[in-house]
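Participant: Sequence:
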Amino acid sequence: MSVPRASVTVASRPLWRIRVAGALPRMLLQAAAVLGLLASARYAIAPPKPASGHATLASGALVDRAAEGFASLFARRYLTWDSSDLEARRRSLAPYLNSSMEAEAGLQPPERGEQRVLWTEVVQSRLAFAGERVYTVAAQTDSDGLLYLTVGVVSERGGSLALDGYPALVGAPASTGAAPEGNLREVEDAALVTVVRRAIRNYLADAESELDADLLGGAHVSLPAVPLAMQTLDSLAWSPNGHSVVAVVRARDGRGAQYTLAYELAVLSQAGRWEIAAIQTNPGS
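This note's numbering numbers the first residue of the sequence shown as 1 and each following residue consecutively.
Please keep in mind that the hints were generated in silico from the structure rather than gathered at the bench. For each residue, glycine too, the CB sits at the ideal point set by N, CA and C. Treat the hints with caution; some may be incorrect.
[Stated by the list, open to error] Label-pair restraints from in silico Cβ distances:
id, residue 1, residue 2, range
1, ALA207, ASN282, 17 to 27 Å
2, PRO227, GLN124, 29 to 39 Å
3, ARG255, LEU223, 10 to 20 Å
4, GLU102, PRO227, 46 to 56 Å
Model the full structure from these sequences, guided by the hints.
Facilitator: In structure tokens:
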């Protein structure tokens, strides 16, 4: 009776394949670690932003300061006239018009009188169609008061801006009164109240050296151009994020004008002591 014998097969493989097979798990782990670090760096440098409404995205993405200035300048020239020198107005409007438009953009001033525009400001814009944006310009005049004019602006080949048809007198953009304050939690820490009161008093009084004593190391603030004397701290509450406080104060300037002002202060407790990291604005951004 024959007994089966075990057999051994010897196969030759290149040494580099053996090394790669042995190192492959370690290489994959290292690659995953590197990708994770790269992803973390990407989110730290440019974190994703929450999605917003379409209108907000569209208006923010299409801001064009040159076109806004073009619309404002046209509105100023369009609404300015002196009946004793209409030729000057025609010359000022000529660069905006084309052969298909009426003279002076269709506005014929009265036989007597004059109108001056004191200031203009773009207060609203919308995208009419590809290439055209319609701006609503607020214009304060010395005769008719505050007027609102829509001006269509297009960008032609080569980047030149052009008026797109006649303007329109319109009403003011929709607005309401100030938004009601939320239910903020009152600050009960007496030490924090003391620091905030002192910091705002020194901030308003342009007392920079005294203010420095309450600032976090490396913090920078931009002091008001006109010094004010703080009268009272009316309220102090935590902001919703819990890292800053909102202070409502009353103050008076050197002429006797009185103000009720609200300031947000970034605060930090270190070694049992409250310090101020910022007051209302970040002058470095």
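Participant: So, for every hint listed, does it hold in this structure?
Facilitator: Comparing the hints with the structure gives:
The hinted window of 17 to 27 Å between ALA207 and ASN282 holds, with their beta carbons roughly 21 Å apart. About 36 Å separates the C-beta atoms of PRO227 and GLN124, a value consistent with the hinted range of 29 to 39 Å. Taking 10 to 20 Å as the suggested C-beta distance range, the pair ARG255 and LEU223 conforms, at roughly 19 Å. Taking the beta carbon of each, GLU102 and PRO227 are about 54 Å apart, inside 46 to 56 Å as hinted.
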